[in-house]
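Chain residues, written in single-letter form:
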Amino acid sequence: MDNVKLFDRYFFYQAREDIKNSFLLESLSKRFKTWILNRYSVKNYKTINAYLALLKTLLFSAIYGLIFLSLEVSADFLLGLTYALFFVVGGFMSLIILSLSRQAIDGIEHDHFFRVLAKNRQSLIKRVLVKRLNKGFFLWFIPLTFMPVLVTSLSGSLVMILHYPFILITFYLVLYSTIFLTQKLYFHTLRNHPIISDISLYCFSGLTLILSFGVQLLLMGLSTLVRASYEILVYIGPLIFYIGVLWLIKGLVYKHTLNYSFTHTVIMKQRAYVKSNKIQKPYKVLKLFTKKHKVLQQILMKDLLSFYRKDKREFFSLLTTSLMSVVYSGFIISALSQSEGLLSVFIGDNVLLIMIMIFTVFYLYRFKAITWVSSEDKYLTFYQTFDVDHASLYKVKVSLNQILLMPALLIYGALPFIFSLWQGELLPYTSLRLIVIVLYALVMIKYPLIRDALKIHEKRTNSFFAAQDLVVIILLIQGALLFGLVFISGQLGIESVGVYSIIGLFIVALMIENFHIRHLEKRLKRTGEISHD
Amino acid sequence: MIKLENISFSYPGETILSEANLTIEQGKITVVLGKNGVGKTTLLSLIDGYLTIDSGHIHLEEDAIYIYDQPHLYDYLSGREYIELIKSVSANKTDQSLDHFIEHLQLTDALDKMIHAYSLGMKHKLALLTALMVNYQTYLIDEPLASLDPESQALMITFFKAMKEEGKTLVISTHMLEVAYELADDIVFFNDLKLRKIENSFDSFKAFKSYVLESLKVKSVSEESDGNKKIK
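Top to bottom, those sequences are chains A and B.
Quick note on numbering: my numbering labels position 366 of the first sequence as 397, and the sequence is numbered without any gaps.
Quick note on numbering: my numbering labels position 17 of the second sequence as 71, and the sequence is numbered without any gaps.
This is chain A alone, in the form it adopts within the complex:
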């Protein structure tokens, strides 16, 4: 039986679950999500997924297109920025996909379906690896790079339109082959050397970039050396040959690799378990977040370890977000140093801030099985025997979320601020935006958590804070801020006054919201005392 058809139902169930948990669809419209789920079947799920990928591409393209259009930089700078984007997104995608390929299926050692498959186990793993690559490629790489390429091309670097399809093809083929070629290395040769195995992931990610984008750049360089009418052929000719070779390798590696056992996976899991048993004392840095309460420190450490060990994928996506915030900060710094008016910087800054805040909300909800008070539901009574009430548990969870989510936000806030220390005239703006971002982040992180904690504490289930509400609030506040700014600047022609007054109002709004959270925290503590009586 054809293996693609053999596992159709398996992938259909997974895809259906992805849609059920889709934050994007939830945020767009619950009705739309239900409409899709009602029509979703094993026969049409691939078609619907293709449409959803297109929708995601369009959405990301709109956001990234807006960012690139809002940057008033030269065409050459934009071209360089686009190549930098290829390297950053491509590098992280390689790293994540290669590291995930070391454990093809989550919980593989207990998976009954996988055990039942017997001789078809390898086929399923192959399909999972390819599906994951396709998903990363069509749902992340293309949506994140398509619009920047288009904007760069339209701004004068038309050559980008020619490169893009070749970049997509070579990157896909190189990454595909690398995934399968490294399997034997990870499951046999390096099975007892986890550190070398981890380091090699970075090496292979680098190699993937060199063999895809690097070769592209090399051929481009060679073609520019030949100043003749057949210049384009010098680029395309060898590239087509190279793609042909990669295509052959792809077919061969798919057919011949993966004759390994799963021992490595199980042993790696065991090693992690043994390591966790050996940890007696909490990390010193955690004491900063939980004062001197030992049980709270242990709860925080348990969550961090669980997050790091069980959810490597999430850990890497958080790293990606932090790295992306470095890239975004780069946009802001370059715009600040080049642009004459603050208005254009502010528009771009606003769009990026919306993105980062949406990512924050996204992660906040995505990790809630570990990072919310409700995740400790069955242990709450047990914790109370150690004087850990709902209020203190809430604080631990706030600390946990801050540890996880704050780096990306702080990088985004702090880098332009540090840059402006050497550019005196920009300091007021960057200081204000740093304050806004920190206040904003505190509200974003604390608000759903306090609502969750109160819900648990007061045993309420009727009203609960929905994920999309927070996104809508962000979009409304940011949209109003942007509109107000453009309106004031356009009408009165006093940009700087507009900028600072709007930011000032924004800070006041956030501070009021912070006070509201404080009020809710007191309620959590007060009712807690009552319930103890």
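These are calculated hints, taken from the structure and not from any lab test.
From a predicted model like this one, the values you see are computed outputs, not experimental measurements.
Treat the hints with care, as some may be off.
[Said to hold, decoys possible] Some, not all, of what chain A presents toward chain B, calculated at C-beta under 10 Å:
#, residue
1, Asp39
2, Tyr41
3, Arg47
4, Glu48
5, Ile139
6, Glu140
7, Phe144
8, Arg146
9, Leu148
10, Lys150
11, Asn151
12, Arg152
13, Leu155
Even glycine gets a Cβ: it sits at the ideal position worked out from N, Cα and C.
Start from chain A and add chain B according to the hints.
Same frame as chain A, now just chain B:
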């Protein structure tokens, strides 16, 4: 028949088996007995091919299926959807025989519930049912009765015996002596990084029970004429 010849296996820092031998005969129920952590699950995983032996040979004449003691069954599906999933990769069993098994395992009312609402015992039943759908000759079953109430235990024991009547080979791990006595044709246990097998008779079982109670030390082991080892 399953034949293990001079097999060795270690986890980092811990040896489980060293040059161990074992023969499991077709159409019989073999119970692997031992305390928690001794290596019962590892032994079943080695036979299944899920873990790779460090040295030695394992001869497996037919495909085997392993049913884990805490089967991961995709909580987001209903029991019926999970059955559909397994059916999509097997299609060996007819709906009629499937209905019979569902009824026998008392799963009919639970099929439309989500798996996350199942008790561990229910999950075991569903895992066993779906394993039967793929119609293997050999079933490696890890601690199937540990999480069941007495009524369900009795039901499962009857079910295993019925499977044996159909000619299936069952290798079942447990730490429950009574279960071993009731179910097993042969009993396998770990001793000094080796595997020992005894026939399940009243005398041998009594001897084995004494052996367990006397600080798990085997006094002497001798081989029977058919190649099986028996405790004196």
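Quick rundown of the hints versus the structure:
no.	hint	in the structure
1	Asp39	7 Å, holds
2	Tyr41	6 Å, holds
3	Arg47	8 Å, holds
4	Glu48	5 Å, holds
5	Ile139	9 Å, holds
6	Glu140	8 Å, holds
7	Phe144	6 Å, holds
8	Arg146	5 Å, holds
9	Leu148	6 Å, holds
10	Lys150	7 Å, holds
11	Asn151	7 Å, holds
12	Arg152	9 Å, holds
13	Leu155	9 Å, holds
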